[in-house]
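Listed in order, the protein sequences are those of chains A and B.
The first sequence lines up with residues 1 to 202 when you count with full-length UniProt numbering.
The second sequence lines up with residues 1 to 202 when you count with full-length UniProt numbering.
Hint data in this document are derived by calculation from the structure and do not stem from the laboratory.
Keep in mind that a hint or two might mislead.
Once the Cα atoms are required to be at most 30 Å apart in a straight line, the calculated DSS-like pairs of lysine-lysine come out as [claimed, not checked]:
hint : chain 1 : residue 1 : chain 2 : residue 2
1    : A       : Lys-64    : B       : Lys-6
2    : B       : Lys-114   : A       : Lys-156
3    : A       : Lys-191   : B       : Lys-123
4    : A       : Lys-118   : B       : Lys-6
5    : A       : Lys-191   : B       : Lys-191
6    : B       : Lys-123   : A       : Lys-64
7    : A       : Lys-176   : A       : Lys-68
8    : B       : Lys-176   : A       : Lys-123
9    : B       : Lys-68    : A       : Lys-6
10   : B       : Lys-123   : B       : Lys-68
11   : B       : Lys-68    : A       : Lys-68
12   : A       : Lys-114   : B       : Lys-123
13   : A       : Lys-118   : A       : Lys-177
14   : A       : Lys-156   : A       : Lys-176
15   : B       : Lys-123   : A       : Lys-118
16   : A       : Lys-177   : A       : Lys-102
17   : B       : Lys-123   : A       : Lys-176
18   : B       : Lys-156   : A       : Lys-191
19   : B       : Lys-191   : B       : Lys-123
20   : B       : Lys-68    : A       : Lys-114
21   : B       : Lys-156   : A       : Lys-114
22   : B       : Lys-102   : A       : Lys-118
23   : B       : Lys-118   : A       : Lys-102
Coverage of chain A stretches by chain B, computed from C-beta distances (three or more under 8 Å per stretch; other residues unrestricted) [claimed, not checked]:
hint : stretch
24   : 109-120
25   : 129-137
26   : 169-183
27   : 190-198
Just so it is clear, CB atoms sit at the ideal spot from N, CA and C, and this is done for glycine as well.
2 protein chains.
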Amino acid sequence: MEIVRKEGPITGEQIADRLHLTRATLRPDMAILTMAGFLEARPRVGYFYAGKKNDEIFGEQLRKMHVKDYKAVPAVIAETATVYDAIVTMFVEDCGTLSVVKEHGILSGVISRKDLLKVAIGKQELDTVPVSLVMTRMPNIVTVTGEETVYEAARKLVENAIDSLPVVKVIDALTKKFEVVGRFTKTTVTKILVELGSNRDI
Amino acid sequence: MEIVRKEGPITGEQIADRLHLTRATLRPDMAILTMAGFLEARPRVGYFYAGKKNDEIFGEQLRKMHVKDYKAVPAVIAETATVYDAIVTMFVEDCGTLSVVKEHGILSGVISRKDLLKVAIGKQELDTVPVSLVMTRMPNIVTVTGEETVYEAARKLVENAIDSLPVVKVIDALTKKFEVVGRFTKTTVTKILVELGSNRDI
């Protein structure tokens with residue numbers, strides 16, 4: 001298995017040679033490994049590895065899991081709220097990022113603890129500055145839909161160096177009108193990893 | 001395979017019965033599955049499933065990965081620093097939690113963006129309050145060592161609802177004297193998941 005995985009395609013003769021065995025001795029074992037689906041054999045080419053490595057199984061699994069089945073409930077605040085309101089909402093909802101919404105839950109921005117700390121060390125009064133002045137605005141927000149995979153969502157978090165993605169339902173793709181339906185965060189990812197690692201059914 | 005996995009241990013006769021086959025027809029297939037290690041056969045007991053399910057492989061993999069190989073560099077601040085210094089250090093280091101240390105990098109506390117926001121909405125001046133007044137203190141800090149597994153570390157993050165663990169070297173277990181040697185965060189976990197999901201070697 002090890003030889004085929006590293007050097008395949010490789011002929012039965014070459015494998016026998018490497019193991020200091022005759023082809024006749026090796027043949028029944030190769031037959032079993034081929035029948036069991038670990039190796040594939042092709043005439044005049046040789047054996048090659050057909051099994052999947054652990055990390056390939058990992059990757060496949062993550063691509064079968066969808067954001068809609070793992071997302072957390074949305075944590076939102078109105079555009080008209082103040083920075084002070086946003087901080088309080090974060091404590092109440094126990095989360096690190098809020099989606100800022102206009103009427104009908106339409107995404108207008110995102111505000112993080114980091115954004116709020118930036119205001120806090122400034123000279124402004126927290127209870128007069130509106131969140132709309134501090135938030136990251138559409139269309140500069142990285143979002144994810146429920147149909148995307150957990151792997152894609154995690155990749156967006158890493159590549160954009162952010163803690164949280166609003167999970168959205170696209171109302172109008174052209175005008176980027178998105179309704180906020182949840183959130184997918186590094187906490188979500190960490191819970192998924194623990195769940196996967198606990199040997200429980202997923 | 002499906003039958004054995006669901007109903008094992010189960011005898012060859014029972015399996016043949018379920019598939020409407022004779023035992024003789026079934027025997028070579030059962031021999032191959034047993035030899036390949038998918039099933040185990042025990043005399044007078046029957047066949048049972050020996051293969052591993054995907055999530056078992058996941059769990060095993062996560063238990064083979066150690067914190068020391070994945071941790072990020074420590075982000076620290078001195079006990080004597082102010083809350084204002086802590087906020088600035090977080091921006092400079094681009095992280096959400098700092099380890100507070102005394103001489104020789106010995107862990108004394110932990111301070112998060114959440115702790116700092118709490119001060120920010122209070123009446124106190126950020127540049128006069130010392131971090132030691134606001135931080136979570138030893139021995140109430142959840143830590144991890146480099147020898148613990150990625151799975152254990154992720155579990156600590158979820159169970160304690162925290163974003164970051166100081167990775168420590170134990171200097172004196174009795175007096176809880178720990179040296180800070182790194183950090184393990186939800187960002188670390190998210191990067192690991194993306195790496196595992198990318199089908200690359202790990």
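Verification of the hints:
1. Lys-64(A) / Lys-6(B): This hinted pair holds, its Cα atoms lying about 23 Å apart.
2. Lys-114(B) / Lys-156(A): holds, 24 Å
3. Lys-191(A) / Lys-123(B): Between Lys-191(A) and Lys-123(B) the Cα gap is close to 36 Å, so the pair fails against 30 Å, i.e. violated.
4. Lys-118(A) / Lys-6(B): Answer violated: Lys-118(A) to Lys-6(B) is near 57 Å, above 30 Å.
5. Lys-191(A) / Lys-191(B): holds, 14 Å
6. Lys-123(B) / Lys-64(A): Violated, because 50 Å separates the two Cα atoms, which is more than 30 Å.
7. Lys-176(A) / Lys-68(A): Answer holds: Lys-176(A) to Lys-68(A) is near 20 Å, not above 30 Å.
8. Lys-176(B) / Lys-123(A): Distance of about 40 Å is beyond 30 Å: violated.
9. Lys-68(B) / Lys-6(A): Within the cut-off at roughly 28 Å; holds.
10. Lys-123(B) / Lys-68(B): Given that 30 Å is the threshold and the Cα spacing comes to 41 Å, the pair is violated.
11. Lys-68(B) / Lys-68(A): violated, 33 Å
12. Lys-114(A) / Lys-123(B): Holds - the C-alpha atoms of Lys-123(B) and Lys-114(A) are around 20 Å apart, at most 30 Å.
13. Lys-118(A) / Lys-177(A): OK: Lys-118(A) and Lys-177(A) at ~28 Å, within 30 Å.
14. Lys-156(A) / Lys-176(A): Within the cut-off at roughly 18 Å; holds.
15. Lys-123(B) / Lys-118(A): Measuring from Cα to Cα gives roughly 17 Å; hence the hint holds.
16. Lys-177(A) / Lys-102(A): holds, 11 Å
17. Lys-123(B) / Lys-176(A): Judged against 30 Å, a Cα distance of about 40 Å means the pair is violated.
18. Lys-156(B) / Lys-191(A): holds, 11 Å
19. Lys-191(B) / Lys-123(B): Status violated; Cα separation ~38 Å.
20. Lys-68(B) / Lys-114(A): holds, 28 Å
21. Lys-156(B) / Lys-114(A): Given pair Lys-156(B), Lys-114(A) holds - Cα atoms ~24 Å apart, limit 30 Å.
22. Lys-102(B) / Lys-118(A): holds, 27 Å
23. Lys-118(B) / Lys-102(A): holds, 27 Å
24. 109-120: Holds, because 6 residues of the stretch 109-120 of chain A bring their Cβ atoms closer than 8 Å to Cβ atoms of chain B.
25. 129-137: Coverage by chain B is violated here, the residue count being 0 at a Cβ distance below 8 Å.
26. 169-183: As far as the stretch 169-183 of chain A goes, the hint is violated, because 0 residues have Cβ atoms under 8 Å from chain B.
27. 190-198: holds (count 8)
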